[in-house]
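Asker: Spelled out from the first residue to the last, the chains are:
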Amino acid sequence: MQPVFSPSFRAGAREGFLAFLPLSVGLIPWALVTGMSMVSVGFTPLQAMGMNVIVFAGTAQLGTLPLIAIGAPVWLIVATALALNLRFVIFSAAIAQGFRGMGTGARWLCGHLLTDGVFATCIEKMMRNEDRQWRLGYYLAPSVWTWLLWQCFALTGVLAAGSIPKNWSLEFMATIALMLLLLPMAKMRPMLVAALTGGATAVALQGMPLRLGLIVAIFAGIAAGFAAEHWHGKRDSGRAAT
Amino acid sequence: MTEANVGFGDASLWLTFLLIGLATTLPRASFIVLGNRVVLPAVVQRALRYAPAAALAAIVVPDIVLVSGTFAPLNPKLAAAAATVAAALLSRNPWFPFIAGMGMLLALRMALGW
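Same order as they appear, the protein sequences are chains A and B. Going letter by letter, the first sequence gives residues 1 to 242 in our numbering. Going letter by letter, the second sequence gives residues 243 to 356 in our numbering.
Any given hint might turn out to be false.
Partial pick of chain A residues on the chain B-facing surface, computed with a CB cut under 10 Å [what the hints assert, rightly or not]: (1) A19; (2) L21; (3) S24; (4) W30; (5) I68; (6) N85; (7) V89; (8) S92; (9) A96; (10) V144; (11) W147; (12) A174; (13) M179; (14) L181; (15) L183; (16) A202.
Each pair of labels, with its calculated beta carbon distance range [stated by the list, open to error]: (17) A284(B) to P45(A): 31 to 37 Å; (18) S254(B) to L212(A): 16 to 22 Å; (19) N278(B) to W147(A): 24 to 30 Å; (20) R14(A) to A349(B): 26 to 32 Å; (21) H230(A) to L348(B): 43 to 49 Å; (22) E130(A) to R279(B): 32 to 38 Å.
These aren't lab readings, by the way, just hints derived from the structure by calculation. Even glycine gets a Cβ: it sits at the ideal position worked out from N, Cα and C.
Given the sequences, and given the hints that come with them, work out the whole structure.
Answerer: Here it is as C-alpha cells:
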C-alpha cells in the first residue's frame with residue numbers, strides 16, 4: 001500500500017516545520033490575547049471559537065472586535081477587515097509562483113492558511129525548489145502547525161478570561177495587541193505618516209454617523225503614506241526608485 | 243463595556259464572522275489561486291502597503307485619546323498606551339508590553355481612582 005504522503009512531501013514537511021518551529025512560539029501570546037479579547041466583548045466560548053476557526057486571522061479578529069462591540073454596521077466591519085487584510089493580497093502575489101503545478105483545491109487550502117509567519121518562512125525555498133510535492137509539504141506543515149497553535153491557545157485564552165474579574169479591563173488587551181502590530185510598521189517614515197494621518201483623521205471624524213470616519217481615515221492614511229513615499233523618494237532622488 | 247449580547251443577535255453575529263472570514267480568505271487566496279493570470283500593478287501594490295497601518299491607527303488612536311466621545315489627552319488608557327510602547331521598545335520579551343500596559347491601566351484605575 002502506498003503511504004498517503006509521498007516521501008518528498010514528508011521531507012519538505014519536516015524541513016518546513018523545523019524552519020518555522022522557533023518562530024511559532026511568538027504566536028502563543030497573540031492567540032491567548034485574542035481569545036481573552038473575544039470573551040471581553042461578550043462572546044460566548046462557542047461564538048469566540050467560531051470566529052477563531054472561521055476567520056483565523058489575529059489582526060482582523062482584534063481589529064473588528066471594537067466595532068462588533070459597539071454594534072457598528074456589518075458593511076463597515078467587513079470593509080475594515082478587508083483593509084486590515086490587504087497586505088495578504090501582496091503576500092499572495094509574491095508567493096503565488098511557489099504553487100506552480102498545483103491544483104485549484106490545494107491552492108485554496110494553502111491560500112486560506114496563508115499567514116505572515118509562514119509567508120516569511122517559506123517564500124524563498126518555495127521559489128527555488130522544483131519538486132511540487134516537496135513545496136506543498138514545506139508550506140503545509142508550518143501552516144497546519146500555525147492553525148493548531150492558534151486554535152489551542154485561543155481556546156486557552158477564552159477559558160481563562162472567564163475566571164478574570166470584569167473590572168480588570170481585559171478589553172484593553174486588544175488595544176495593546178493592535179498597538180504592538182502597528183509599532184514595527186511605524187518605523188518606516190511613510191508608514192508612520194500613514195498611521196498618524198489615519199489616527200488623527202479617525203479622531204477628528206469620530207462624530208460621523210455609522211463610524212464612517214473610520215473608512216475615511218483609512219483612505220486618508222493610504223493617500224498620506226503614498227504621498228510621503230513620493231516626497232521622500234524625490235528628496236533623496238535616484239536610489240529610492242523602488 | 244457591558245457583558246453579553248455585543249449589540250448583535252446570535253445569527254447576525256455568525257453572519258458577520260462568515261463575512262469577515264471571506265474578507266480574510268479572499269485576499270489571502272487571491273493570487274495563489276489565480277496564479278499568473280493576473281498581475282497587480284506596481285502602483286496599486288505600493289498603495290496597498292499602507293492600508294494596514296492606516297487601519298490599525300484609525301482603530302487604536304480614538305480608543306486611547308477619547309473618553310466617552312471627547313478628546314481627553316490625559317487619561318489612564320493613554321498612559322497605559324505609553325507604557326506599552328516603552329515596554330515594546332525596551333524589551334524583546336513578547337509578554338512584557340502586555341504586562342506593562344495592563345499594569346499601568348489597572349494601577350491608575352484602581353490605586354489612584356483615576
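Asker: Work down the list of hints and note, for each, if the structure agrees.
Answerer: Hint-by-hint comparison with the structure:
With a cut of 10 Å, the hint placing A19(A) at the interface with chain B is violated, because the nearest CB-to-CB distance is about 20 Å. Annotation: interface hint on L21(A) violated; nearest CB of chain B at approximately 16 Å, more than 10 Å. A least Cβ separation of about 12 Å between S24(A) and chain B goes past the 10 Å threshold, and the interface hint is therefore violated. At about 8 Å, the closest approach between the beta carbon of W30(A) and any beta carbon in chain B falls short of 10 Å, and the interface hint on this residue holds.
Annotation: interface hint on I68(A) holds; nearest CB of chain B at approximately 6 Å, less than 10 Å. For N85(A), the interface hint holds, the least distance from its beta-carbon to any beta-carbon of chain B being 4 Å, beneath 10 Å. Given hint, V89(A) at the interface with chain B, holds; its Cβ is 5 Å from that chain's nearest Cβ, closer than 10 Å. Below 10 Å, beta-carbon pairs count as interface contacts, and S92(A) has one with chain B at about 4 Å; its hint therefore holds.
Hint status for A96(A): holds, given a least beta-carbon distance of 4 Å to chain B, under 10 Å. Here the hint on V144(A) is broken, as its CB sits about 15 Å from the closest CB of chain B, past 10 Å. Annotation: W147(A) was flagged as interfacial toward chain B, and the flag is violated, the nearest CB pair being 13 Å apart, outside 10 Å. The restraint placing A174(A) at the interface with chain B holds, with a minimum CB-CB distance near 9 Å, inside the 10 Å limit.
At a threshold of 10 Å, the smallest CB-CB gap from M179(A) to chain B is about 6 Å, leaving the interface hint in force. Contact between L181(A) and chain B, as hinted, is supported at the beta carbon level, the nearest pair being about 6 Å apart and thus within 10 Å. The closest approach between the C-beta of L183(A) and any C-beta of chain B is roughly 6 Å, which is under the 10 Å cut-off, so the hint is satisfied. Hint status for A202(A): holds, given a least beta-carbon distance of 4 Å to chain B, under 10 Å.
A hinted range of 31 to 37 Å is violated for the C-beta pair A284(B) and P45(A), which are about 45 Å apart. Restraint check, S254(B) to L212(A): a C-beta distance of roughly 20 Å satisfies the suggested window 16 to 22 Å. Separation of N278(B) from W147(A) is about 27 Å and conforms to the stated range, judged on CB atoms against 24 to 30 Å. Checked against the given bound of 26 to 32 Å, the beta carbons of R14(A) and A349(B), roughly 47 Å apart, lie outside it.
Range check, H230(A) to L348(B): Cβ separation about 44 Å, and the 43 to 49 Å hint holds. Between E130(A) and R279(B) the beta carbon distance is about 22 Å. The supplied range of 32 to 38 Å is therefore violated.
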